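Undergrad: The residues making up each chain are set out below.
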Amino acid sequence: MLFAISLHAAPARVLSVVEPDAAIGQTLTLRVDGDTGACKSLVLFIQRSPIQALTKRCGSGTVAFDLAVNDKNAEKWHRILGGHLFTRTVTVGLGPNDQMPFVSSVTDQPFRIIKPWHAVLITIITIVLLVGMVLVRRLTSALDSLARMQVALWIVVIAVSYAYIWSVTGETSTINATALALLAIGAGTAAGAAILKGGTTVDAKGVVQTLANASANDVSPIEISGPTGLHALMIASWTVVLAIVFIATVFRFLQMPDFSGPVLGILGISAGTYLAFSMPQRH
Amino acid sequence: MRKTFASLVSLLIASVAFAQAEPPDAPPRPADNGGPAHVYYAHSYYKDHYNRAGLGDLISVHVQNFNTLLAEVDGNCSAIVLFMNGMALKGLKPESCDALSGHVRYRLRRTEDADAIWHELLGHPKGFTRDISISIGKDTQFSVTSSVTDFQLEVIPKPPFFIFVGLFIAALVLFLALCRRTSLIRNNVPGVAPQQQAFSLALWQMSFWFFLVVAAYVFIWLINDELDTVTESVLGLIGIGSATAIGAVFIDQGKASLDAATATSRGFIRDVLSDASGGISIHRFQMFVWTLVLGVIFIASVYNNLEMPEFSAGLLGLMGISSGTYLGFKVPENSAPAAGPTTPPAAPPPPPA
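In the order they appear, the protein sequences are chains A and B.
Just so we're aligned, residue 1 is where the first sequence starts under the numbering used here, counting upward by one.
Just so we're aligned, residue 284 is where the second sequence starts under the numbering used here, counting upward by one.
The shape of chain B in the complex, shown without the other chains (with noise of 0.2 Å):
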């Protein structure tokens, strides 16, 4: 009798132990029925907010009639399928189950064969989380009934996220300070002074693709974790932009002198936009807004699927094309007259008396 009572002391102080990690305002359990199973309630096990949770983060899905789930996957745990907005998380597996009050418990983390319904989920944002519906299914295709449709999804961690912000508006002004006050994208032209040299449409190129990246990069890992997120095309883009550049410098290694006129800037834009004869030279406009606009598409993809764009290999060979063309016409460059001041020609020796 003294072992029954303290075998009943015993549960009662596990059973409130037990029930202190639950959220304190989850709904009880609905009694079994036997019907078929049915998400009634999720969970995080953040104690400020049960309600939401993120990539890493362990949630718990309280199922009624769990049992006849269970019976449909043979009583393997394992096979149950997390679905969220109506997609299956596959190759997600439960952590544990717990027949007894019908939990699932799953840690959220990408999967290879997920890795596009994350992207989905987490991708386009509007705002630090995102109301999703969660719930739970026998295979990947059929999902059972849930109440659950306002789970607050975490999309983008705010600490990560200002650590962010904070560190590209300084590299930004960095970058814009180093490229205005140094000749960081100028032509390095002997004699003329940092802040007065033209710049150079190759190097901006190259340095346009090195920040766009850098700066995704860091985003992307931030948000979602994820480490391989550069891709062949974007390595490509970068290669293009390197050759470009050291093509473009071992040219002007090649001229025998740069004259003051061309080496002296006259803005940026006029400065990447034309050529030797000082006018607007359409295979560096061609390049110019091919750059800006391939940008443009790489920062929306960056910001729509948290993952860098993979242009086609045509994409690709235009940009190629358009540099070559670049470099096809920087080489006569050097042997072009100089727009410029020039020196008049040395009079011709008097006749001899």
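So that you can see chain A by itself, here it is in the shape it has in the complex (with noise of 0.2 Å):
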């Protein structure tokens, strides 16, 4: 008798978990032994993290937790669910506040990541959107300038990017003011390159003069280097590394990341250095 009655005096432990798998926007059933106290203070954990805010309801030895996420437990969700691809194992506690939580037995819990269609669907949206880059390059005049493929890169990048946190987390409100300073510095430059290209005056004559003097072998490599692959290989080289992090961080923290001024100035100035290299060639 004394026996049973420490038993129930004992603190509540997570024995197991209801649902075969858990996903956002599903609901998180846990099979709970002992006092959990009041059902309002109780907070789910999930890799030992307390995760705010949820849902819940409790039963008769179960709590249930409708997995959401919000602005309270945002921060939380990225560090469990990014950087993985499809599903993963995690552990599930449950706890009396967010500091605390009981013993749990549930330590290899499958939690899925991203709908498999919602994979797919990215995956050939994202594969028709470069091939189009390259088709319209080809087949048109739209990305004749290395300012414009860098708009088109941004584009998609922050497009692929918004819609993969969607299909992970539910965010709709995602797009960060560097996504807009990325795109912004693009399009300046490409608007840039544009005014210079039309307010260039080409004196025919000089160039039919060139032309008739030059032979094929020189003329060719001078045409291509010079001042224009460093400026060109600077803003090149930049947009790619950036754009590289940039999917990195969406990938591993499921968000888009915080580039500071100095690091887009960096990519202003590679883009002015673009333009101010631009005026002297085209004359």
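Check each hint, because a few of them may be wrong.
[As the list claims (entries may be wrong)] Below 30 Å or equal to it, Euclidean Cα-Cα: the simulated DSBU-like pairs (lysine-lysine) are:
{"no.": "1", "chain 1": "B", "residue 1": "K441", "chain 2": "A", "residue 2": "K40"}
{"no.": "2", "chain 1": "A", "residue 1": "K115", "chain 2": "B", "residue 2": "K373"}
{"no.": "3", "chain 1": "B", "residue 1": "K441", "chain 2": "A", "residue 2": "K72"}
{"no.": "4", "chain 1": "A", "residue 1": "K76", "chain 2": "B", "residue 2": "K373"}
{"no.": "5", "chain 1": "A", "residue 1": "K56", "chain 2": "B", "residue 2": "K421"}
{"no.": "6", "chain 1": "A", "residue 1": "K115", "chain 2": "B", "residue 2": "K330"}
{"no.": "7", "chain 1": "A", "residue 1": "K115", "chain 2": "A", "residue 2": "K72"}
{"no.": "8", "chain 1": "A", "residue 1": "K76", "chain 2": "B", "residue 2": "K376"}
{"no.": "9", "chain 1": "A", "residue 1": "K72", "chain 2": "B", "residue 2": "K373"}
{"no.": "10", "chain 1": "B", "residue 1": "K330", "chain 2": "A", "residue 2": "K40"}
{"no.": "11", "chain 1": "A", "residue 1": "K76", "chain 2": "B", "residue 2": "K441"}
[What the hints assert, rightly or not] Quick look at which bits of chain A chain B covers, simulated, 3 or more residues with Cβ under 8 Å:
{"no.": "12", "stretch": "158-170"}
{"no.": "13", "stretch": "183-191"}
{"no.": "14", "stretch": "229-235"}
{"no.": "15", "stretch": "263-269"}
To be clear, the hints were calculated from the coordinates, so they are not data collected in a lab.
Note that the coordinates shown come from a computational prediction; the quantities given were computed from them, not determined experimentally.
Using N, Cα and C, we set each Cβ at its ideal position, and we do this for glycine too.
Both chains are given apart, each in its own frame, so use the hints to dock them into the complex.
TA: See the structure below:
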């Protein structure tokens, strides 16, 4: 009798999870033994981290949580779900507050990161956008400059990132100031290049004379190289590096990165150098 | 009785299952003796190396007399501070605490208040891991005694490091090949083949800072996930380099013509240090040396502190003056006589008969 009383006085323990797998948007029901205390103060723990602000329902020996991402728990979910492809296993716990969870025996609960058909759809969209970029560049003059290619690349990267984050977490307001700044820098560079191109006057007589005096061997390399190479290399390299960092951050932390002012400043300087070098080159 | 038996069995199963989450070689918990708290063990949750963790990983700190410490923070688990190598990681709150077993769990991540300490812990790497001591405390000033002195902090994550080394070598080879075979950093002179054109000091300086900053940015990002590593002074250096290169190109554009002697390369060092007269000039020399010196400081700072240096306004001013002097001397170079063979002056017209 004394032993039974002491059992009832012992803190609660999480024994198992009802659902075979868990996912954002679904309900996760925990089988609990012992006294959990007030239902309204119970907190779900995933990977030993508290997930606040979830809707919960307490039953006889069970506590159910509606898994959802909101402002109060988004950072925790990003850490848990980021960096994984389709599914992962997590530990599941329960606590009377957000600091001290009960003992839990659920250490390998499958958790679905993204629906397979969502992943397939995003992959198809990405391939279509990239192939579209290549076709537009080859068949039309819409992407005939590095600046325009830069804008197109950022549009694809940001659109695919937005779709991926939405598919995993359901969040819709994920485009931040950095994404807008990257697009703005690219658009500004493209606009500047277009203005320079439009304002350039060509001395047709000089061109004809130069071509008449030049041989086939010495025209091509000189036209391609020179300052053209360095400023183009700079802007292309920084764009590719930042795009890789952008994509990696989205995959690992499920949020678009916040590039600091100096990092965006470097891209701005590269763009300015690109435009400045374009002026004497065109004349 | 049946219910009591079922509860006992379920508790036993739960205890065994829970024990599996802990390392198999974890030391047994010392009995609480009412004395001060003491850290006797710490581990991560990697099954193949419980004694190692890096940024982003979860660690568990096991404490004897945990309730004594908990009482000192008025039962507020989130007030307990993690110490590494005796330094408090300010702003890093525990993910959770377990009062029964005396465990405190932290996810290792950079916080704004502990940014300098992370640079201290991760900087100047001499291997992939570094042995550190781990403790906790009731505030940021006093840590409890600890037996954990050889926990392996992952300083350089291996896969990202090898990816960086591969990318860096490939980029360096490609960059040097472009510099050598094309006119990437050479004066673009029509009529002279790219491989034979003279190297430009301004374009070399711009490409030098461009390559260093890109490599450092990727390196620091791969090591500790920092995105805001470019300092304003580094931005200033890049700006000075770009402005100098643009200025040099515009000055060269203003030239009536470039003679073949000054447009042809005589080797990298002679090209970047020589002016139109063909001799080594002091203004080019000082700009070249200052760029190299600041480059070495830059690399050392990235390696030692995992951050790009914050050059003072005086140093930036020095670079600006060097570049300005270079551009200033470049203007009269346009009108200087060519050092190479010159065409003899045309013969005077014959006197009228």
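Undergrad: Evaluate each hint against the coordinates.
TA: Results for each hint:
Proximity of K441 of chain B to K40 of chain A is assessed by CA-CA distance (about 45 Å); at most 30 Å being required, the pair is judged violated. About 39 Å separates the Cα atoms of K115 of chain A and K373 of chain B, which puts this hinted pair outside 30 Å; it is violated. Note on K441 of chain B and K72 of chain A: the hinted pairing is violated, with a Cα-Cα distance of about 34 Å set against a maximum of 30 Å. Restraint check for K76 of chain A and K373 of chain B: the C-alpha separation of about 19 Å stays at or below 30 Å, so the hint holds.
Distance check on the hinted pair: K56 of chain A and K421 of chain B sit about 33 Å apart at the alpha-carbon level, beyond 30 Å; violated. For the hint pairing K115 of chain A with K330 of chain B, the CA-to-CA distance comes to about 28 Å; that is within 30 Å, so the pair holds. For a cut-off of 30 Å, the pair hint linking K115 of chain A to K72 of chain A stands: about 24 Å separates their Cα positions. Between K76 of chain A and K376 of chain B the alpha-carbon distance is near 13 Å, which keeps this suggested pair within the 30 Å criterion.
With a C-alpha separation of about 21 Å, the suggested pairing of K72 of chain A with K373 of chain B holds against the 30 Å cut-off. For the hint linking K330 of chain B to K40 of chain A, the alpha-carbon distance of about 35 Å lies beyond 30 Å, and the restraint is violated. A distance of roughly 26 Å separates the Cα atoms of K76 of chain A and K441 of chain B; the hinted pair therefore holds under the 30 Å criterion. Taking a C-beta to C-beta cut-off of 8 Å, the stretch 158-170 of chain A contributes 0 residues in contact with chain B, too few for the three needed, and the coverage statement is violated.
Counting residues of the stretch 183-191 of chain A whose CB lies closer than 8 Å to any CB of chain B gives 0, which falls below the minimum of 3, so the coverage claim is violated. Proximity of the stretch 229-235 of chain A to chain B, defined as three or more residues with a beta carbon under 8 Å from a beta carbon of that chain, is established by the 4 residues found. Remark: the stretch 263-269 of chain A is confirmed as covered by chain B, as 4 of its residues place a Cβ nearer than 8 Å to a Cβ of that chain, reaching the required three.
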